[in-house]
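*Asks:* Protein chains in written order, with my numbering: chain A, 1 to 264; chain B, 1 to 264; chain C, 1 to 264; chain D, 1 to 264.
Just so you know, the hints here were simulated from the structure itself, not pulled from any lab data.
Any given hint could be a false lead.
Copies of one chain are not kept apart here, so a pair can be met inside one copy or by any two copies together.
[As the list claims (entries may be wrong)] SDA-like cross-link-like pairs, simulated, lysine to any residue; straight-line CA separation at most 20 Å:
(1) Lys36 <-> Gln210
(2) Lys36 <-> Trp225
(3) Lys36 <-> Cys137
(4) Lys118 <-> Asp173
(5) Lys118 <-> Trp225
(6) Lys118 <-> Val175
(7) Lys118 <-> Phe133
(8) Lys36 <-> Arg242
(9) Lys118 <-> Ala240
(10) Lys118 <-> Ala59
4 protein chains.
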Amino acid sequence: DPMPTSFLGSALRGTFFFIFGLWWSVRYPLKYLRWKANAESQPSHGIQRVEFFEGAVKAFFALAGILVEQFVPAGPHLQLYSPETHSWTDLTHWHYTTIYFFFLLSGIVDVVSHSPLKLPLGLDRLSLSVALFIEVCFHDYSDAALDYHLHSLLAMAIFAGALSALLEVFLRDHVILEIFRTSSFLLQGSWLWQIGFVLSPPWGGPGWDQTDRSNFTFLTMCFCWHYAGALAVLTANSAASRWYVGERGPRGVPAPCTSWDGQE
Amino acid sequence: DPMPTSFLGSALRGTFFFIFGLWWSVRYPLKYLRWKANAESQPSHGIQRVEFFEGAVKAFFALAGILVEQFVPAGPHLQLYSPETHSWTDLTHWHYTTIYFFFLLSGIVDVVSHSPLKLPLGLDRLSLSVALFIEVCFHDYSDAALDYHLHSLLAMAIFAGALSALLEVFLRDHVILEIFRTSSFLLQGSWLWQIGFVLSPPWGGPGWDQTDRSNFTFLTMCFCWHYAGALAVLTANSAASRWYVGERGPRGVPAPCTSWDGQE
Amino acid sequence: DPMPTSFLGSALRGTFFFIFGLWWSVRYPLKYLRWKANAESQPSHGIQRVEFFEGAVKAFFALAGILVEQFVPAGPHLQLYSPETHSWTDLTHWHYTTIYFFFLLSGIVDVVSHSPLKLPLGLDRLSLSVALFIEVCFHDYSDAALDYHLHSLLAMAIFAGALSALLEVFLRDHVILEIFRTSSFLLQGSWLWQIGFVLSPPWGGPGWDQTDRSNFTFLTMCFCWHYAGALAVLTANSAASRWYVGERGPRGVPAPCTSWDGQE
Amino acid sequence: DPMPTSFLGSALRGTFFFIFGLWWSVRYPLKYLRWKANAESQPSHGIQRVEFFEGAVKAFFALAGILVEQFVPAGPHLQLYSPETHSWTDLTHWHYTTIYFFFLLSGIVDVVSHSPLKLPLGLDRLSLSVALFIEVCFHDYSDAALDYHLHSLLAMAIFAGALSALLEVFLRDHVILEIFRTSSFLLQGSWLWQIGFVLSPPWGGPGWDQTDRSNFTFLTMCFCWHYAGALAVLTANSAASRWYVGERGPRGVPAPCTSWDGQE
Chain A
1 DPMPTSFLGS ALRGTFFFIF GLWWSVRYPL KYLRWKANAE SQPSHGIQRV EFFEGAVKAF
61 FALAGILVEQ FVPAGPHLQL YSPETHSWTD LTHWHYTTIY FFFLLSGIVD VVSHSPLKLP
121 LGLDRLSLSV ALFIEVCFHD YSDAALDYHL HSLLAMAIFA GALSALLEVF LRDHVILEIF
181 RTSSFLLQGS WLWQIGFVLS PPWGGPGWDQ TDRSNFTFLT MCFCWHYAGA LAVLTANSAA
241 SRWYVGERGP RGVPAPCTSW DGQE
Chain B
1 DPMPTSFLGS ALRGTFFFIF GLWWSVRYPL KYLRWKANAE SQPSHGIQRV EFFEGAVKAF
61 FALAGILVEQ FVPAGPHLQL YSPETHSWTD LTHWHYTTIY FFFLLSGIVD VVSHSPLKLP
121 LGLDRLSLSV ALFIEVCFHD YSDAALDYHL HSLLAMAIFA GALSALLEVF LRDHVILEIF
181 RTSSFLLQGS WLWQIGFVLS PPWGGPGWDQ TDRSNFTFLT MCFCWHYAGA LAVLTANSAA
241 SRWYVGERGP RGVPAPCTSW DGQE
Chain C
1 DPMPTSFLGS ALRGTFFFIF GLWWSVRYPL KYLRWKANAE SQPSHGIQRV EFFEGAVKAF
61 FALAGILVEQ FVPAGPHLQL YSPETHSWTD LTHWHYTTIY FFFLLSGIVD VVSHSPLKLP
121 LGLDRLSLSV ALFIEVCFHD YSDAALDYHL HSLLAMAIFA GALSALLEVF LRDHVILEIF
181 RTSSFLLQGS WLWQIGFVLS PPWGGPGWDQ TDRSNFTFLT MCFCWHYAGA LAVLTANSAA
241 SRWYVGERGP RGVPAPCTSW DGQE
Chain D
1 DPMPTSFLGS ALRGTFFFIF GLWWSVRYPL KYLRWKANAE SQPSHGIQRV EFFEGAVKAF
61 FALAGILVEQ FVPAGPHLQL YSPETHSWTD LTHWHYTTIY FFFLLSGIVD VVSHSPLKLP
121 LGLDRLSLSV ALFIEVCFHD YSDAALDYHL HSLLAMAIFA GALSALLEVF LRDHVILEIF
181 RTSSFLLQGS WLWQIGFVLS PPWGGPGWDQ TDRSNFTFLT MCFCWHYAGA LAVLTANSAA
241 SRWYVGERGP RGVPAPCTSW DGQE
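Throw the hints in and build the complete structure from the sequences for me.
*Replies:* Shown next, in the form of structure tokens:
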């Protein structure tokens, strides 16, 4: 078994957050440019459709995650208590199921918020914030020192995103908050990959030395470099969006959305 | 004695918070729908009467709680120092008396806020917030590990409610904050029942194993499920309110309040 | 020596904070009533004179405190390093000198803010907040358990006041924040008296048992009762102000200030 | 070697922050006076040029710091892993390189914000805040008790500045926040000098006694005195600015900027 499950799990989770970060790093700069081009315009149907679509993708991924956690061969298959051993089944799978469930909920709230059945504005941000707070508060730490250190750094990235989403409940469409949330998602995504490589390398082997102090210092720096990388990705995507808009003129900004609100 | 006092106490406290959560999960969606229907309208006498009534019920429950804590057979009967043992009487009863006293105060402030003698707006939310902060800061934790874990989770629910009420001092009538406060009350209510079942089951017996680590993980997840349940209750009640209003038309929204403000 | 210095010090500090709390519990309700009576009026010269006077009293008390700490017989007499013992002199006196210095600064800022040389609005609240944060961060805790517990509770009262003053930088003249700050000063004042009685009773004797757990629980409750007492004082003074204004009519509100702004 | 590197490093870092504090303690009072003199005026080109220049200086210092850390004789010369010892090279230099990198980034954002390619307002404050948070979170503490204490106090100064810069994202051009940030930079600067003197005196010798408790108390007070000193510097510079403006009349306020916006 050259590729242990925990690497795969960490990498898949990381990919989910990284893709969302990438998507937002294109979407929010475009939204900001469009808003600057015609400051008086209302949020159009186009944006609402994009958020509807985002919510659906989030809900789909979360549901897929729940099903995978439950029905992998080693999973609990929806069983919580094992009668033969008179104890709980392996609760790690249930743990991730619970966390994914709140992301599923957040996706559903996004979808319903932008359906005709309008919910109060800000409920979508609150539900994202709740999902992230639940991810950060109820993460299960191993007792191993390096594992704990890596997950503490992860917790900082998640917490930054949760706080940013919470502030967006009150300061909706604040471009700085949206950019900061985007960077925190990119950081969380790439850091989950890093955790996978450090704790259970895909080429097998025992992972890094849990007792070497210099590994701690190195990984702390590494976390900062991941953030620098996240900011580089964000900058590159923003610049590309700006260049694309500059090429096509301000009228071109809503282009990727035109297909969505053709009926307007 | 098949049903120990501490289960009863926990369940009664839980019921109090759950009933308030249930009531708000009907009231706030209706208020939001009414506000959307005629955005220009002032908060009417009807709403003020409802808040007056809420305060009176809160004060009544708190006063009842104080009397019960003091005058149950094992209670201190308002005695603080026991001259025969030269020590304090059992301070647990006094502890709950103190906590209930601040809820009594919060109820009285609600009542007075909506009396002709108008207090500054926001004092009712501040007094609720103070009562919740006192509940969370001065809760007496047992030294037993599982007990401590359960009460830490409870503290999170109370703290969320306290913070939400504090923000409402500055952002009054913010529907997201009201919904969040409602969900925190529902969570606190159902979690107090859960604590009762885990630590002192009503069918007797010794409670759960305080040393089994998997119980900790299970109860952490359980807390998340309680929150999911609270959100489900909130959603169901909101949907029912919306359906009820949809049946009767926007004019029907203030219906449950009409009897209150007939003199308008 | 029946009345040890530390009781006297604690009581004098407590009196300072309590007097400020009492004064504000009259001033802020009157200000609120005046503001309600004629909502359009600007903050008059009268109020500015009162704040000038408050700052002067604060600075005077702080300066007196500094002089007393330095020049009591056991004090350091402005000497920091003792050449004969080759060590620092007793730093406790210097510690209080430092804390008082920031209250002196806050008083001076109050005075200068309301002089013709106008400072930016909010600097007076910021300087009060800084003084309180320095009081809370740099308090010297004894290692004795009960001492530590009492000072932790004190720190909560100071912190509440500091946070409230900090918020007032951004939300100036917010009546709820002013009332909350007032209640925190009353609490801090009465709790400093309580600390004096517990740790070094004025009638001599060894203070309370530092190891009895029930003392901890009792004093925690006691802290809540002090807060209830502070709220009672605040309510009584507000009611008295309102009654006084009701007797004299809205024109009567500025009465206590009339003598100050006779030249208006 | 009478002047060990760590003193020099601490002193150079301190000088950087102190110079920025000094510069702001002149700039922000002038800006406030100008704003008071003609409240209706927009932020002119002059101010934007100053911020451009500030960003360039910040970026230059940060880049210089990175190069010095990497290419001093004992530095890693961009090498992260030493193949001969099969371990990481000395990571302290890399640590400072990482911290300086985020200040470099903050400088670049300042420069780009005020270039024709306009970034969203507030991104410059966010990037400064991120740099300070990274400085405070990822500082490497020694295990020695006094060292830890000194760096905890430093962390408070940095954290105050980071929080202030974060608030400025939302409350831009708030004079109180600008003054507070200035005072935190002055404090951080002078405290870095103090740390240098205590831990590695430039005249050689072993540094202060790490085990003497009275040193801890003394240095805590010393930190407060540094803050008092920072406030004194700030007050003196503000007073000098005001006097200078008073001499030249309100028209004189933009004087130091006139050379910058001659083309207006």
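*Asks:* Now, for every hint given, state plainly whether the structure supports it.
*Replies:* Right, here's what the structure says about each hint:
no.	hint	result
1	Lys36 <-> Gln210	neither (50 Å within a copy, 57 Å between copies)
2	Lys36 <-> Trp225	neither (32 Å within a copy, 43 Å between copies)
3	Lys36 <-> Cys137	neither (38 Å within a copy, 35 Å between copies)
4	Lys118 <-> Asp173	both (18 Å within a copy, 18 Å between copies)
5	Lys118 <-> Trp225	neither (41 Å within a copy, 26 Å between copies)
6	Lys118 <-> Val175	between (23 Å within a copy, 14 Å between copies)
7	Lys118 <-> Phe133	neither (25 Å within a copy, 34 Å between copies)
8	Lys36 <-> Arg242	within (12 Å within a copy, 37 Å between copies)
9	Lys118 <-> Ala240	between (34 Å within a copy, 15 Å between copies)
10	Lys118 <-> Ala59	within (18 Å within a copy, 36 Å between copies)
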